[in-house]
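J.: Required output: the full structure, derived from the provided sequences and hints.
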Amino acid sequence: MLENQIIERKAIDSFGILGSLYDGNQDQIIKQHYINSSIQSSELSHLSSCIIEKGHINKNFNLLQFIGIQDELRLHLLLNLAKRVGIASILNYSRRINEYTRFLYFSSIIRKEQIIITLEQIQQLILSSNLDLNATHIIRMIDFGIEFIAILQLPYEINITQQIDNILDKIRLILLNNNNTLILTNEEETILEKLINITTYSNISSLMTVNRVSDLFYQINRLKMNSNHCHPLTYYLQSIDNLDSPYSSKNILLKILSADNCKQIEEYILQFRIPIKYLEASVNQHMPNYLYGHLQNRIYHVRQQYSILKDIYMKKIHQLTKLLTIADKDQFDMSIIFQELNFNEQNSINQLLKDVYDLENEIQIENNLRKRQLNDDKISEQDLNENDNFLNTNSTANITSDYDPDGDDTSSQSSNNTNDNEIDQTTLSDDSFIENDLPISNEIINILLLGETGVGKSTFINSLVNYLHFNRLDQAQSNKPIAIIPVSFLLNNDEQLIEYNDLNESTNENFNYSGQSITQHCKSYIFHLYNGNKLCIIDTPGFGDVRGIDQDNFNMEHILKYINNLTHINAICFLCKPNLVKLNQYFQSCFIQLFDFFGKNISENFIFCFTNTRSTSYTPDDTISLFQPIFDLFSLDDISLQKENIFCFDNESFRYLIALQNDISFNNNDIVQYETSWKTSTKESNRLIKYICTGLNSYSLQNRCQSIKHAQFQILHLIRPILETIRNIFRNITLWNIESPNQSIELYSTIIHHLVYSCLSCNPKIIKIGNFGIINDFPHEMQNKCQTCQCSPNRHIQIEYLLNYKLLNRPSKNKISEMKEQLLILRNASVQFAYFLKNIAYCTKENVILVNLI
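Position 199 of the sequence shown, counting from 1, maps to 198 under numbering that gives the first Met the number 0, and the rest follow consecutively.
Hint data in this document are derived by calculation from the structure and do not stem from the laboratory.
Listed next, the in silico DSS-like pairs over lysine-lysine satisfying Cα-Cα at most 30 Å (straight line):
1) Lys812 / Lys767
2) Lys784 / Lys82
3) Lys111 / Lys784
4) Lys767 / Lys111
Derived CB-CB ranges, DEER-like:
5) Arg272 / Gln713: 46 to 56 Å
6) Ser760 / His300: 54 to 64 Å
7) Asn165 / His55: 18 to 28 Å
8) Glu266 / Ser93: 18 to 28 Å
9) Asp549 / Ile663: 38 to 48 Å
10) Gln161 / Gln270: 30 to 40 Å
11) Asn661 / Gln350: 30 to 40 Å
12) Asn661 / Gln4: 38 to 48 Å
13) Cys49 / Gln4: 24 to 34 Å
14) Glu603 / Cys49: 51 to 61 Å
Here a beta-carbon is modelled for each residue, glycine too, at the ideal position from N, C-alpha and C.
T.: Structure representation (structure tokens):
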């Protein structure tokens, strides 16, 4: 190896292998190669680093430098020349960084691998590769390990903040000392629950979904136990430009700027990027709660100024990228480049920061007054009816668990028990409702959204947010569209593909397979209403999937299992297109399963929404009559199919907004139609929310007669703990009779607060506890496809906790006779449960108990 030709690169794309070709100009792996050559691998004694840093708007805190990313790679990331993936996606962090932000960084090198390869073999590799590839380097050595940076948002309470800082220092010392045991007191765990938000970026995908400190620590220990599951941390790259090859001239020379030039450019970018990101979070996450009353015009002005500044900044970055790309290295002059850029907006940025600060102080006063009003039991209903607004209709572009300036964690107030990872929150605020007859409350309004694949459920949610946010189309056009779910569609006129928001970043939408449901799993979107209510719309996979009736049944079972965690439901919204000739045949099956699960009285909470109704003059046309035969089948004569629970929208005006972002032009006639569409849809959106809040009674899911489906879900939930208990009883009986009566094995579990799965196809990972080989839980992350293995998603089952085993130097607390009695009880219960699932619930053709036991 020629040491002077070796450079280091942080492995932001962790899919590189030894021998992979690397493009140093864009810092990306361009081709993987499996080389027939020996590999040297050495285990290291966990060379760990752990740092805690505080954030502040006035401090030029360089996040990328903090996590050890090299100069050139940092520039490529800031200029969007390299993909922001893995730990580098921290640049996409959307929350405010201030004195209540903490950065917890951890890195541990566990293994080093090096390929033994000659220059002749490298030359042969280049000859055998695609000669048009812009390869500049080859990966010669890789450091494997664990790396993450967790960004923690602390509550705005100094005493709580100090306590959290003390706990974090304790965790840092444990991580530095490679101590595998984190023991927190009940008080410390309670304090950590007050964290407003935790966002993690890592070289390992499973760590990027963790949102609890204890879970993060547990996952690290699991990875340390099996170094094969650690991912690349650092690539050591050898240049291939100077090799004696007839094709070396086709390789683009790596343009490495001087260290001074890199520093100058980076400082130039950061001096504007940091405050603009701060303003972005302020405008998108903090202002929306309060877009009403006398502050409305000032907030609107702040939004406009921010939008102007951001556009200028993005153009300057694009210009800088272009200048650096075409610059001649021998005649490179930074002063000329900065003169060309001439960004003179620092005064405007400072003024806008001051405006935001002043506004938030006034907002805090307003909010305190509103909270006192909410808590005043003497307020009469007549007084409440005099409020100007009740719907907060300004959504955020980033909807992940908004910070509440009052110090409240809104997600913790939810009465629903759905998974944290399946809930996105946004806050709506405007004066869309001039009349308000809603009492102030803090209830959650749950709306289940059902419909065929392709009807536009996700688009409907996006559209609804924009209709409630902007009263008029011209207001919407003067701002960026709000797309809380990624958008992808074809324009009718020329079949041009239109996309908005990064489709690759979505973990719940898959746009790759025509005819299949794009939405993969149920997901809740929470909108905060001005009267204190929270509107929760549950997006669901569509039925009528091209994969057939089995997939539809699978999706429906998933939907029912999801809402089984709710305390109540306020409305079931059926989304349809107008003027249908016939309904999808699965509608009837859908109603059967809904009535079986809820009971027939749930029909009182049915509402019907129609999309794309501009062509039918904003009416459902013939489609509504197609439901009547289905209701007659169930003797539902009293179901309401009247104007009050029928709502007509036109999503095309929202798509028009998205198309404008893709530089698509429209004629005046189209624009007039879209303005009418927007006005009508806005009116219907307000009517829809008002009807759900005032015209429907919530349907409680508690203390009701349970259906067969409810029993099925409860039994399926019990299977794993029953079988794990049976297994461990057998182990302890074996120890008692054969091995050592003075030892026992104890189970303890760690609850997982996000979606993870176990793969039924992957080879199990065996750990040794005493003389027992036990299959160890290893969680797989699922984002449209498994991020951990290549097995089919259908071979994965969700797990809600991870099991750990402890070998104790004392006998079991239960006598041998008691353990045998427990076995008998569990065996009989298992037999009855298996019979119920197979012969009564008809949810499986197999004996579920036996399948899981084996």
